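Assemble the complex: chain A is given as a structure, and chain B must be docked to it using the hints.
Protein chains in written order, with my numbering: chain A, 4 to 440; chain B, 425 to 932.
Calculated from the structure, these hints are not laboratory results.
None of these values were measured; they are calculated from a predicted model.
We put the CB at the ideal spot given by N, CA and C, even for glycine.
Check before you lean on any hint, since a few could be wrong.
[What the hints assert, rightly or not] Some but not every residue of chain A turned toward chain B, in silico, with C-beta under 8 Å: (1) 32; (2) 139; (3) 272.
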Amino acid sequence: MSSSKPGYQIPRRSVKGHEASWVKSFNPPKASPPTPELLAPTNPVPAFVAANIPGATMQIPNTQRVDLMHGTELKTWDGKKLEFFLIANPDVPEAADGIFPGPTIRVPRGVIYHGQVKGHGQPPHTVHWHGIEPTAINDGVGHCSMEIGDYAYQWQPNHIGSYFYHCHRNTLQHFEYGLYGFLIIEPPDAYDPKDGKNVGGYPRRTAANLTNFPKFPGFVGGSLESGDPHAMTVPYDVEALWVIDDIDSVWREQAQDAHQTFPEHGDEPGINDEFHFNGSGKYNFFAFNDYNPDYFVVTGEYFPGRVGGTATMRSGVTVPAAYNSGVEGMQISINAKINQTVLVRMLCAAYVKINITFPVDVVVIACDGRSFGVPPFGKYNHPYTLKAGTPFEMSTAQRCDVLFRTEKPMNTFAQVEYRHHLSDAFLINGRIPITVK
Amino acid sequence: MKRRDFVKYAGGGIASLIVGSVMPSWISKNPLLATTTKLVQELNFTITDAVKDMVTHNSINKAQCYFWFYKEKTFPAEVPGPHIFTTAGNTVKVTLTNSLDEPHAFYISGLVDSGPIRPGETKTIEFTPQTAGTYLYYDNLNAPVNRVMGLHGALVVMPSKAVSGHRFTPYSNPTPSVQQLFDDFGSTEHFPGIAWEAGDDATHTPAFRQYVWVLHEASSRLFEEVGKYTPGKDYPAAQFMKAFQFDRYRPDGLNKKPEFFTINGHSGWFAAHNPYITPNHRVGEPVVVRILNAGLSMHSLHIHANHVYRIGVNGVVQENPIWMDTLTVDPLEIYEWAVPFIRPPDVPNERGIGLPDKPLMSIPNPRIVGSTPHPVWPPTEELNIHLPDIGEKVGDYDLAVQLSPICYPMHDHSEASQSSQGGNYGLGMMSGLHFIGDRNTPGGVTTFPNAPTYHGPVETGTAAGPEMGMDGSHTMTSNTTNTNARTQIINNPINTDPVKNEHQSHGN
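In isolation and in its complexed conformation, chain A is listed as follows (with noise of 0.2 Å):
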């Protein structure tokens, strides 16, 4: 037996009778339909940005714009121009260009949300709401509806968390290439500034259950039925941002073409599908199977170190309230008083896995947009203790929340420690600077 001699021969099923939705698996349709299901927007974060922003505007009444950008050249830490896809916001003239990664959106629970999303350059894109479950149409993946030229996303977030946006068009490469950013779903009444709190800073609240958590004040427990927009939310003092990256220049060199290696159907779907068409012609593969980054980023701020090395990110780093739905003082590199309560958002946007360690105990209190233990949903589990010093794994896409709040002072890191999806070779240790005074 072998593989010129074996034992059986197993052809590939035939798509007869399911030739539209094959093409569609592969080839999605291009379109800008209206949206069906339509509601008024309820959204008040655009309003609060065009006010409170410098140059802003807000040229459709309650609605988030996103635009989808193409073929802009940035720079790493050590000068490298690398190619990079952008996602905009055209009513805030410091995003209006395209940033990386992109605004961070934030939504109060409860509202109606609508995203008008537009597509620029080469090929058309989508948004998919990683976290948010609303219909199929809404829900930006192409070969379940459609890619769009411009299209306005409709959904209503029903969870506090925390979750990120995308584009779903050739995620492989679109997402790789910077087209995300980060989404936060906030308590009902956080941009609501009757009650006096600083609707564009902190303290702000998150969803959790810290009822064996007592260290952490201002806890308000209750249901959600009750209609309190506090019920089973913590406020915190410092909130920090870490979307952890990874990038593979290589691919930035040689598939810059965002058609490299599209499928184009064939005249007889099933039987002569084009699946190696791009603009250099036939027979003619990427590599999008084979991933090996080079650079490492956290929320666009590098580690700057090599393959196999260790690296520490600059202290001190925020992130503009331009990028951040008006809101002032989000860090990526934590400075903190002591006895402040600290809520760390992580988001694995890299393709291979990370191992975060922390230098304090910390509470994990929600993963993937879900506070563990706030019922009805949360009643089968709980927050747990994460201890100093013992690594927490992470894979693409997962969101993980923490807290920690100390007595002490320090002055000291958190380690994410790359490995590779493939081989779990080691990749590079990155330190977060975190400092508590």
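Chain B in isolation, oriented as in the chain A frame:
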């Protein structure tokens, strides 16, 4: 389903063998399993090889891969081997014949180890699993080469009974939280519908809805090299690992790293539109999914439309089953998910707290002909949309696809696996979650348009595949009698009943 259709869907880790003297209720109540199932007293496997046409193989593009696999006597040839189902306490007897050139084995961690079976030798082994759960059977010799070459499959052990006073879970000894979850399915305000153990004949809803996803990566150039290696000698495992995981990058992708990524041997559309891989159910019909990583790569599985409870991790029933949308699966790991099949929670509703509240009323959209205010769930306007539009044709084929039933993907978010032959996004490791209706709509159970035609578990429509010769050596009539017992179930397709087939309207 017609016998012919069954043969086409069978194999590839889709066909199921039930070991035991009587068909247990958790199978006979589940036509999903029953239509692809044989009741046997003994498994009869030959360890052999095949060349398989992969997802992008067609008349103008060659995409084939050489595999080793466990060939069940009467099922068509497929990689991986068939799912094996049994009940805790049953004895499983396996007769294995090695028709390859080097020693091979059959191994299940903690349950059985055949030891080396020499070329040409036949060996019979027995084991009696006592604990319900999900197991990977594989060839543990020359690790990991023989397993990764395709010699693997899934064993599912179901509990013989539910814990006294409680509903069935997939486990013999569930934790209190996992037991509570299964007790709550179908009996609480947040999980309206039916229990996992419950089916509903009136809507052709199977009981014990469960799916098995065996993850795998294949390297055609490396596997061919293994196939051509000196007969009788093992391909060096270290050399295999080095090529599979570290082979030098080439911009044309023609190195020895894996370039095909499969679930139950299928990629892209072939997995996502296969009703034995992708769950097709209504809101209120919770499902169990068993995930096994038979390969060598980490995968990060993201499911759309519903967060899922991670109830089992490598044989350990979870004390703290977290609710997640993305799961890390390292090589040889095994997980169980409980998919609640709730209404996608971010569909606008009155309180906006994740409960299946009364849906909001839409406003007319002037761009949609005849749009009038109506509840936004079920999404009747969306269900009527075709993308692309009706009439968009290629040749004689109309490419229009109606957005009904409501289809969502499940995919590996470590996206290198979403490729095939280095490109071709959309033809990699994926499946889906398809909503064919809702048990909790005003007036009763709703079934969405098209669901009975080809998305339902009973009627799968025109099957894919050539008419004859699936297994290369057996005619497909060879085991027709084995499925006669099933015909009463399978010849009762939903769409013979015009009333149930009609889409229930909820506008106005």
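- Item | Supplied contact hint for residue 32(A), tested at 8 Å Cβ to chain B | holds, 4 Å
- Item | Interface hint status, residue 139(A) versus chain B (Cβ within 8 Å) | holds, 5 Å
- Measuring from the C-beta of residue 272(A) to each C-beta in chain B, is the shortest one below 8 Å? Constraint on residue 272(A) satisfied, holds at 6 Å.
Checked against the numbered hints given earlier, the structure satisfies every one of them.
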